[in-house]
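S.K.: Listed below, chain by chain, are the residues.
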Amino acid sequence: MSILVDSTTRVVFQGLTGATASRMAERAIAQGTRVVGGVTPGKGGQTHLDLPVFNSMAEAVAEVQPDASAVFVPPAKAADAIIEAAEAGVGLVVCVTERMPIQDVARVKRRLAKTDCKLIGPNSFGIITPGQCRIGVMPDRPHMPGSVGIASRAATLTYEAVDQISSLGLGQSTSVGIGGDPVHGIGFAECLKLFWEDDLTHAVILIGELGGTDEQEAAAFLKQQSDQKPVIAYVAGVHAPKERRMGHAGTVDFFGEGNASAKIDALKDAGAIVLDNPSEIGDTVRRALWKRKRG
Amino acid sequence: MNLYEHETKSVLRGYGLPIAEGVVASSPDEARGAAAGLGGARWVVKAQVRAGQRGKAGGVQFVDSADAVAAAAKDMLGKKLVTGQTTRDGLLVKKVLVEAAQDITQEIYAAVMVDRTTGRLTVVVSGAGGVDVEETLKDASKREQVDCDFDPMPTAADFAHIPAKLNLSGNAATAMPELLAATCKAFVENDANLIELNPVAVTAAGTLAVIDAKMVIDDNALFRHTSFAALRDDDDEADPQELEAHRYELNYVKLDGSVGLMCTGAGMAMATIDLIHQKGGEAANFMDVRPVASREQVTEGVLLLLRNPNVKSIIVNTMGGGILRCDLIAEGVAEAYRKSKTSVPIVFRAAGTAKEIGELALRNQAIPVTIVDEIDDAVESAVRLAAGGASS
Chain A
1 MSILVDSTTR VVFQGLTGAT ASRMAERAIA QGTRVVGGVT PGKGGQTHLD
51 LPVFNSMAEA VAEVQPDASA VFVPPAKAAD AIIEAAEAGV GLVVCVTERM
101 PIQDVARVKR RLAKTDCKLI GPNSFGIITP GQCRIGVMPD RPHMPGSVGI
151 ASRAATLTYE AVDQISSLGL GQSTSVGIGG DPVHGIGFAE CLKLFWEDDL
201 THAVILIGEL GGTDEQEAAA FLKQQSDQKP VIAYVAGVHA PKERRMGHAG
251 TVDFFGEGNA SAKIDALKDA GAIVLDNPSE IGDTVRRALW KRKRG
Chain B
1 MNLYEHETKS VLRGYGLPIA EGVVASSPDE ARGAAAGLGG ARWVVKAQVR
51 AGQRGKAGGV QFVDSADAVA AAAKDMLGKK LVTGQTTRDG LLVKKVLVEA
101 AQDITQEIYA AVMVDRTTGR LTVVVSGAGG VDVEETLKDA SKREQVDCDF
151 DPMPTAADFA HIPAKLNLSG NAATAMPELL AATCKAFVEN DANLIELNPV
201 AVTAAGTLAV IDAKMVIDDN ALFRHTSFAA LRDDDDEADP QELEAHRYEL
251 NYVKLDGSVG LMCTGAGMAM ATIDLIHQKG GEAANFMDVR PVASREQVTE
301 GVLLLLRNPN VKSIIVNTMG GGILRCDLIA EGVAEAYRKS KTSVPIVFRA
351 AGTAKEIGEL ALRNQAIPVT IVDEIDDAVE SAVRLAAGGA SS
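Protein chains in written order, with the numbering used here: chain A, 1 to 295; chain B, 1 to 392.
Because the hints were derived from the structure by calculation, they are not lab data. Be aware that a few hints might be false.
Listed next, the stretches of chain B that the computed footprint assigns to chain A, with coverage defined by at least 3 CB atoms under 8 angstroms from CB atoms of chain A [claimed, not checked]: (1) 181 to 195; (2) 218 to 227; (3) 255 to 269.
Ideal placement from N, C-alpha and C gives every residue a C-beta, glycine not left out.
Generate the whole structure from the sequences, applying the supplied hints.
M.R.: Rendered as structure tokens:
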């Protein structure tokens, strides 16, 4: 089992004919993902990677009925691409684009609120259900199918976590990058809810960082649950200097809420295992699963 | 990018905000002339740096004569101002802003930002404006939040209830809703991430006056605001290393410590900084190499780290992903060491895509490199090396 994407998910790539999108689409196909087409305005009617290319998402929806779209579109045009996909009726949009203007993402959020579309990202590594569906820019190698769910704001820390657990023989149900930007699509709380509904996810890794309130919302979700799955969390940025943006635009702190220590406290209070060293993720997950198995 | 106070004020004046004329001066004589030109009997001289908490650091001085204006300017210009929001080195003050001082009876805080959850506008006001507002505002009962639409933009009517919450009366009460609506307009039209007016003062005459203002423009939106982009590119006051990093598409922030670091990913870089601190060291910088980086950009990034005289060791923590490979980072690092011939020890830690090829590019070269597998060991080595110890 998995959340959001699986072997039946039909995927269209927006910006398919670009270099990175082409490489990532080829990888996706090689991993068994059902890529059914691409959209590049002006290139409709062409074939790329043996896939049909359409001028618009509306055409793609009519012709190949995608469930999800992967947005590989430059920052200035990404907002329109996401809105186009959502309004054409696609249920899941995954946006890997970095450096989108915040007010563009805000506009996307307001428009998507009127649709049933879920957004992952922007500035996301994507989403992968190993062996079934990968939409994004993550590496293939350390991923393997299994029962650990991952939701993360930081791509390479996620690969680190995947590397550690896979090397212990623990695979992933689904790994989701919610994105490093301050305004983004689905958050930690929604990911947790989906992982809670997925019987084959036995533990969840949350990788957070300073800025925003995603971790606090995750903590609030955990507090409401009667049945518990172990949550192993790591939050980066405890020693980041105040008021100075650390690469991810999401890391600016307003009114103390975005403070990494506040997030750590909230998660601990909700029963999560919070690590102060990302090297310990693998062992901690293994111990937590073992404990759960023994009841 | 953070605009300077004088830049922010000139933008906001264009939206009709009540902001007194000020004069930017780069010498004590200019400051004296500015005071004479402005008239009055009491002035304020403010250091222009892109960081807050200037007042507590001596960067804001109230004075009663033109000579004292010149003296205050002399006191600030050419010196480094160290505030709670700068590194310990501080920021060089090259300009001061001279304004007529105002008699203030009440200080109000007002800010506009984007609500992360809804993508709507959030306007925050508080009657507790002033220097310690950051602490006060953590208490939600001390602030009033108004959730607003973007399209259509909020109007004064959306803020009609605010004057009563702030106990304003007369002219100030009438002007406040207009002021907030105009600030929202400035926020949206300039792609700001934050506008903070602190304080908006009620003057002795009963009118509103914006005394200090901060505006953060979205770096990611500079492509449609070329005038701001030009301001940044011409900025001879910015940290030269931060500007250079920007040219090479690296996310770089200078810090105070002696362990230089280069990481793939912002989260990984913050995690590495946290570990350096846990192990008793202090990071010299934040540096995130983006997935789209080229080998040349990596080389320039390492050279940039080496130009910081405080750097005593370097840690390169790289996690190869679906786009960025460890060997590209390693080759970039090797090239920087060949070019610089430096003896600053470097710890290289790679995992993920092309780890082994990457390590190969650094082995058997005349580079003082330690290659390790785990982040933890890498950070420990780098901290020990920065303190003058051996690598293992």
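S.K.: Look at each hint and say if it fits the structure.
M.R.: Each hint tested on the structure:
Given a C-beta distance limit of less than 8 angstroms, the hint that chain A covers the region 181 to 195 of chain B holds, as 4 residues qualify and 3 suffice. Restraint check on the region 218 to 227 of chain B versus chain A: 6 residues with Cβ-Cβ distances below 8 angstroms, three needed, restraint holds. With a cut-off of 8 angstroms between beta carbons, the region 255 to 269 of chain B has 8 residues touching chain A; three or more are needed, and the interface restraint holds.
When held up to the earlier numbered hints, the structure conflicts with none and fits them all.
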